[in-house]
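Order-wise, the sequence lines are chains A and B. So the first sequence is residues 1 to 308, counted in the UniProt record's numbering. So the second sequence is residues 1 to 310, counted in the UniProt record's numbering.
Simulated from the structure, these hints should not be mistaken for lab results. Mixed in with the good hints, there may be bad ones.
Which stretches of chain A does chain B cover? Using the computed rule of at least three CB atoms under 8 Å from a CB of chain B, they are [as the list claims (entries may be wrong)]: (1) 50-60; (2) 70-79; (3) 84-93.
With the C-beta cut set under 8 Å, the calculated list includes, among others, these residues of chain B facing chain A [to be verified]: (4) Gly-129; (5) Thr-130; (6) Ile-136.
Using N, Cα and C, we set each Cβ at its ideal position, and we do this for glycine too.
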Amino acid sequence: MNQQPIVQFQHTTKKIGRKIIVDDLNFDVLAGEVFGFLGPNGAGKTTTIRMMVGLIKISRGDILIKGHSIAREFEKAIRYVGGIVENPDLYKYLTGYQNLKHYARMVSGISKKRINEIVEHVGLKESIHDKVSSYSLGMRQRLGIAQALLHHPPLLILDEPTNGLDPAGIRELRNNLKELAHQEGVAVFVSSHLLSEMQLMCDKIAVLQKGKLVSIENVHEFIAKDSISRVYLEVEASQTELTKMLVADLNKTAVAGNGPSELWIQMNKEEVPELNKLLLDNGIRVLSIHVQERTLEDKFLEMMEEEQ
Amino acid sequence: MIGLISNEMMKIVNRKLTWIILFLLIAITAGSFVMNKLNEEPVSDWRAEQMELMERYQGQLEIDELSPQMYADTENKLQIANYRLQNDIAPVSGNPWSILLRFSGLIEMVIIFAIVIAADVVSREYTSGTIKLLLIRPHSRSKILFSKYISVSLFALGMLALLVITGYCVNAIFYGFGNLSTTDLFLNSEGKVTEMNVFLQTVKMYGLSFLPILSYVTLSFTISTILRNSALAVGISLFIMIVGNSIIEATSYLPGLKYLPFANSDISLYIFHLPARPEMTLGFSLSVLVMYILVLAGLSWQVFKKRDTA
Ligand SMILES: Nc1ncnc2c1ncn2[C@@H]1O[C@H](COP(=O)(O)OP(=O)(O)OP(=O)(O)O)[C@@H](O)[C@H]1O
Ligand SMILES: [Mg+2]
Chain A
1 MNQQPIVQFQ HTTKKIGRKI IVDDLNFDVL AGEVFGFLGP NGAGKTTTIR
51 MMVGLIKISR GDILIKGHSI AREFEKAIRY VGGIVENPDL YKYLTGYQNL
101 KHYARMVSGI SKKRINEIVE HVGLKESIHD KVSSYSLGMR QRLGIAQALL
151 HHPPLLILDE PTNGLDPAGI RELRNNLKEL AHQEGVAVFV SSHLLSEMQL
201 MCDKIAVLQK GKLVSIENVH EFIAKDSISR VYLEVEASQT ELTKMLVADL
251 NKTAVAGNGP SELWIQMNKE EVPELNKLLL DNGIRVLSIH VQERTLEDKF
301 LEMMEEEQ
Chain B
1 MIGLISNEMM KIVNRKLTWI ILFLLIAITA GSFVMNKLNE EPVSDWRAEQ
51 MELMERYQGQ LEIDELSPQM YADTENKLQI ANYRLQNDIA PVSGNPWSIL
101 LRFSGLIEMV IIFAIVIAAD VVSREYTSGT IKLLLIRPHS RSKILFSKYI
151 SVSLFALGML ALLVITGYCV NAIFYGFGNL STTDLFLNSE GKVTEMNVFL
201 QTVKMYGLSF LPILSYVTLS FTISTILRNS ALAVGISLFI MIVGNSIIEA
251 TSYLPGLKYL PFANSDISLY IFHLPARPEM TLGFSLSVLV MYILVLAGLS
301 WQVFKKRDTA
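Go ahead and model the full structure; you've got the sequences and the hints to work with.
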């Protein structure tokens with residue numbers, strides 16, 4: 001898989017009036033990766049996406065797409081981009097097919113065959129000749145994705161694409177985006193609030209808060225890094241007090257859980273074997289050890305709290 | 001560019017409003033000419049009729065307090081009636097072209113409809129949010145705006161053609177196809193009575209009227225591009241049009257008003273030799289209109305090109 005940068009943020013900043021909405025972004029989005037763009041409401045995700053596609057001017061810095069500045073070489077740079085910005089706003093008084101024809105006319109070399117292919121791909125074959133005003137939100141989202149993929153762009157930008165999709169649709173989209181990135185080498189840039197979804201979908205996660213990039217990591221590292229997991233322990237009920245004392249030797253606190261024989265401890269996953277050995281050596285009958293891994297959501301919320 | 005224009009045409013044609021407007025255009029045009037036919041009184045002796053008219057015109061000039069425009073109009077008519085009797089030239093009757101020529105007011109209807117269509121073509125993209133997906137294509141904003149402007153202009157031209165075609169067909173049913181070489185009496189630019197080809201005068205009037213239509217299209221288009229609100233664009237444009245019509249009269253007292261578009265936007269004034277001021281010519285009016293079109297179009301272009309698209 002080639003890992004050349006498709007998008008390069010270079011000190012990208014957006015100021016509206018006196019307010020700095022996006023503050024000095026510096027990172028790359030590589031070919032073949034699904035790049036998750038996380039952040040609470042009002043963090044500046046949509047503003048960043050608007051700058052990426054040239055809808056609003058960049059106040060300072062630049063964004064390069066395949067080496068072309070979106071500000072100075074708009075027509076060259078935008079050729080590589082397909083996307084949805086905010087909502088899939090399409091022409092409601094036209095049919096789905098007319099919408100696609102409309103966008104197909106705006107780039108050269110899109111055949112009727114390609115339109116039909118993409119319609120089939122997003123599963124809108126049945127309703128493509130109906131007016132978009134009769135579509136559900138999920139169907140509009142699908143049509144939005146169809147217009148974004150029409151011209152085989154090497155960069156796909158989606159602002160909250162799972163919005164309005166049903167669970168099957170979300171799963172389909174996830175597999176679809178992964179396939180595009182991993183098989184065809186497309187750089188997929190997704191913003192979303194659905195953290196659990198991002199965890200399953202993305203290879204890399206960037207977190208934006210109040211316009212600033214606060215973290216950018218591979219998704220597994222992002223969740224695991226200096227992560228304190230919750231370890232659930234079940235021992236013979238008569239041995240819980242002894243267990244607590246032993247755990248205290250490790251400078252940790254064991255807290256009583258739900259049942260009389262249950263305890264839980266905040267600790268690193270790496271320390272679990274050590275704990276296990278200590279308990280066994282001291283004759284504790286361990287019935288079960290269970291590590292509850294943290295989700296991206298836990299991590300994300302934690303991170304936001306830290307920033308406060 | 002052709003692709004962009006066909007896109008815009010597709011968007012205009014697929015709207016219900018467009019079809020309502022086209023229906024109204026045909027219905028009002030046909031209706032006016034049918035009414036005209038029904039109210040027509042048969043003329044048995046044209047000489048007696050012209051004598052009668054002359055007397056009436058003379059009476060009006062002496063007694064009534066006429067506005068300068070009306071005064072000039074009555075004077076012109078008197079002059080032509082006089083010429084008819086002296087040279088024994090009967091007025092043209094039963095020619096569809098000469099009837100079309102008298103109904104120049106219908107052009108105002110095309111202007112109103114064109115204002116409505118032009119007001120929507122940009123602002124609708126903003127209100128429906130479709131502007132975002134429209135602008136993230138490999139075309140400059142200038143090209144996209146220009147294709148919209150071309151499309152509404154073509155649509156306005158189509159409406160003007162539809163007006164002429166409908167009017168001609170309805171009249172042709174009543175009076176036959178009409179002779180293309182028929183001539184009638186007109187006042188030339190020096191104010192002298194001259195025989196001119198009726199068909200060519202009609203073509204001249206409707207053809208040149210495209211420029212005033214285009215200037216209102218441009219006005220409405222520009223307002224809607226800047227304000228992103230089609231209702232306001234229609235409202236302001238219509239208001240300006242109505243106020244403008246009353247300014248035509250005032251232009252005869254205030255020479256500076258001749259540089260405003262209004263006194264220049266009624267081509268029929270030149271066909272019937274009624275310039276708002278004696279020094280105004282057809283060429284002057286057309287140049288003033290072109291100036292306004294260029295300035296307004298340039299303004300909407302600059303705003304559209306530079307603006308952040310939220
Ligand atoms: N035109 C504008 N003028 C002033 N402030 C603006 C403008 N557009 C956006 N903002 C501000 O910029 C901030 C970021 O907005 P943005 O829409 O980028 O957030 P977001 O991360 O996409 O949020 P959400 O998750 O709710 O979609 C918000 O605080 C918003 O109020
Ligand atoms: Mg947003």
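Now the hints, each set against the structure:
1. Beta-carbon proximity to chain B at under 8 Å applies to 6 residues in the region 50-60 of chain A; the threshold of 3 is reached and the given coverage holds.
2. With 5 residues having a Cβ less than 8 Å from any Cβ of chain B, the region 70-79 of chain A passes the three-residue criterion, so the hint holds.
3. For a cut-off of 8 Å, the count of residues in the region 84-93 of chain A with a CB near a CB of chain B stands at 9, and the three-residue condition holds.
4. Annotation: interface hint on B/Gly-129 holds; nearest CB of chain A at approximately 3 Å, less than 8 Å.
5. Taken as an interface hint, B/Thr-130 checks out: its beta carbon lies about 5 Å from the nearest beta carbon of chain A, inside 8 Å.
6. The beta carbon of B/Ile-136 is positioned within 8 Å of a beta carbon in chain A (closest approach about 4 Å), and the interface hint is therefore held.
Checked against the numbered hints above, the structure breaks none of them.
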